[in-house]
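One-letter residues, chain by chain:
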Amino acid sequence: MKGNEAIAYAAINCGADGYFGYPITPQSEVMETLMKEKPWETTGMVVLQAESETASINMVYGGAACGKKVMTSSSSPGISLMCEGLTYLAGAELPCLVVNVMRGGPGLGTIQPSQGDYFQATKGGGHGDYRLIVLAPASVQDMYDFVDLAFELAFKYRNPAMILADGVIGQMMEKLEFRPTKPRRTPEEVRAQCDSWATLGKPKTRERNVITSLALDPVVMENFNIKLQKKYAEIEEKEVRYSTYKTEDAEHLIVAFGCMSRICENVVDMARENGIKLGMLRPITLFPFPKKPIDALVPQLKSIMSVELNSGQMVEDVRLVSNGRVPVGFYGRQGGVVPTPDEIYEAFLKFIK
Amino acid sequence: MAVKGTIVVDTEKCKGCGVCVVNCPFGVIALSHEVNSKGYNFLHMVSPDKCTGCTSCATVCPDSVITVYRVKI
Amino acid sequence: MDINDIIKPENKVYGKSSVLTDNIMHYCPGCSHGVVHKLVAEVIEELDIQDKTIGVSPVGCSVFAYNYLDIDWQEAAHGRAPALATAIKRLNPDKYVFTYQGDGDLASIGTAETMHACNRGENIVIIFINNAIYGMTGGQMAPTTLLGQVTATTPYGRKAELNGYPLKITELLAQLEGTCYVTRQSVQNPAAVRKTRAAIKKAFQNSMMKKGTSFVEVVSTCNSGWKIPPVEANKWMEENMFPFYPLGDMKDR
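Residue numbers (my numbering), protein chains in the order written: chain A, 1 to 353; chain B, 1 to 73; chain C, 1 to 253.
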């Protein structure tokens with residue numbers, strides 16, 4: 001099954017209430033699969049093709065504000081259009097899932113894979129001080145599993161979550177294990193979970209709920225920002241996810257996420273065959289970035305190299321962790337070109353020389 | 001059957017726009033020379049005897065400051 | 001008969017709707033928004049749907065509508081209210097869902113969302129306040145500003161060759177298969193207010209009958225933006241707005 005199809009099945013099987021999207025390559029299979037499966041006849045999940053990405057993300061806002069598990073998916077140019085909605089969702093503290101199957105940019109760019117939206121996903125994209133919870137899948141199974149995980153985290157923190165995939169993972173076909181399905185929550189369960197904030201219709205027994213990101217009073221606005229930052233700090237404390245490959249005795253480290261982490265496993269093996277103690281750390285959450293695990297490895301390291309499908313974005317976060325203690329290098333290809341393990345290994349050798 | 005009406009004005013909330021005054025068919029109401037705490041010349045009755053409780057004033061009031069009462073006599 | 005003998009609960013024939021909060025509205029004296037807010041509140045009260053109604057407020061003067069109607073509200077990004085309402089209604093078909101939008105929000109930045117929600121026939125109510133100007137930002141040209149009308153960004157009057165023509169979006173929406181009820185009303189006198197109230201009530205009732213989108217335009221005044229006192233503004237509206245934006249039902253099926 002393709003990674004994009006896995007997203008669709010995961011959404012149905014984890015009890016999502018709604019999907020709102022607009023076609024864009026390389027992720028159109030997400031909505032196509034949902035439309036083919038007709039979940040509105042089985043689970044009652046709503047699927048709607050909107051008139052634009054702008055409308056899609058605002059439909060997500062409307063649904064999320066009702067306490068529903070709603071999502072959208074798109075690719076880079078579409079996500080740029082959604083950035084207005086993303087900052088409003090973050091500002092209104094609404095849980096939702098946005099999938100970005102990245103393609104090369106800037107502008108209309110190419111439909112080939114890229115990781116060029118790392119900055120956009122982890123540093124904002126929209127205006128104001130906000131963060132998304134960002135998960136980076138590296139397999140079709142990840143694509144499936146991260147849908148449920150993203151919803152769990154989104155609701156736990158009332159914050160939008162993003163699956164930051166790329167064209168490789170979206171289009172790649174792999175074996176997939178379905179997880180036990182979750183039924184959609186009943187209206188009573190939604191009310192029990194979300195009545196303190198969501199627009200479920202105002203009963204006489206509570207004050208009206210208002211979903212807004214507007215606060216004209218600067219003191220109120222600052223206090224809200226302080227509250228948000230506390231939440232983000234808690235997420236950084238509790239929700240870091242990463243995996244490592246042969247780091248126990250590593251003297252050199254590659255940091256890579258998504259499809260690049262798979263390619264870099266081969267690079268580690270090539271180095272090991274040549275007697276170089278190379279390991280790899282793969283951030284699974286890009287926000288929160290695995291600062292502590294990398295920091296813990298720094299004392300044993302002689303170098304760190306960030307390998308990305310862009311011109312060097314995550315490397316800035318790696319440098320911040322290293323903070324000058326070990327040299328931090330970078331290797332990447334752009335515009336839809338995916339490097340081979342040999343090519344990365346050559347670059348690594350050149351860097352550590 | 002004759003009717004007799006009257007109104008009660010929430011003078012603190014009245015903004016003195018005067019839309020009610022021109023919509024009163026019987027010349028019952030006018031803006032006061034006094035002002036409320038916001039500085040608005042609020043609504044009051046100048047010819048209360050003429051009020052029929054027709055609700056025209058309250059119907060057009062943007063700030064819902066007029067309550068209308070009516071009795072049949 | 002003494003006035004105090006008349007002022008008794010049993011004699012009350014008109015008063016503030018229980019769905020309106022006690023907050024003093026931030027609108028300027030005489031602003032049409034207050035009247036339309038009241039009418040929406042009265043309809044919600046009459047239909048007894050306070051616990052089943054979800055409102056979507058726009059960006060513009062009525063961004064704070066949620067301070068005045070005691071129902072659950074969502075505040076949308078500029079122009080996006082119909083997209084929010086689409087999802088709310090589709091995910092909660094048992095709820096009454098309405099948007100409340102001004103001319104800049106609905107007919108300029110939100111044209112796409114408006115057209116497509118109406119074209120899909122979403123079972124929602126759209127209340128459109130058309131006062132031919134941007135009130136909140138200080139009286140700039142709106143898509144519905146009349147030719148020749150002076151605003152902060154058309155200081156010499158709107159000219160077609162420079163600014164294009166005023167947009168009759170309500171006429172456009174009436175052409176769409178998805179709309180079931182499209183009407184243009186006003187609130188400058190008691191008869192007009194009662195008609196608008198009836199229109200809003202019908203629109204809310206339609207939204208539960210799976211007939212499509214109901215769209216109620218209210219031609220309104222903006223005293224501050226027009227720089228005309230409230231009573232004269234109503235006259236200006238009748239003389240200048242009504243010929244270009246004629247009142248009445250455009251569609252009712």
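No wet-lab data here; the hints were simulated from the structure.
Hints should not be assumed to be uniformly reliable.
[Unchecked claim] Below are the DSBU-like pairs computed for lysine-lysine, each with C-alpha atoms no more than 35 Å apart in a straight line:
no.	chain 1	residue 1	chain 2	residue 2
1	A	K38	C	K202
2	A	K277	A	K204
3	C	K227	B	K50
### Task
Please name the hints from earlier in the document that this structure breaks, with their numbers sorted from lowest to highest.
2
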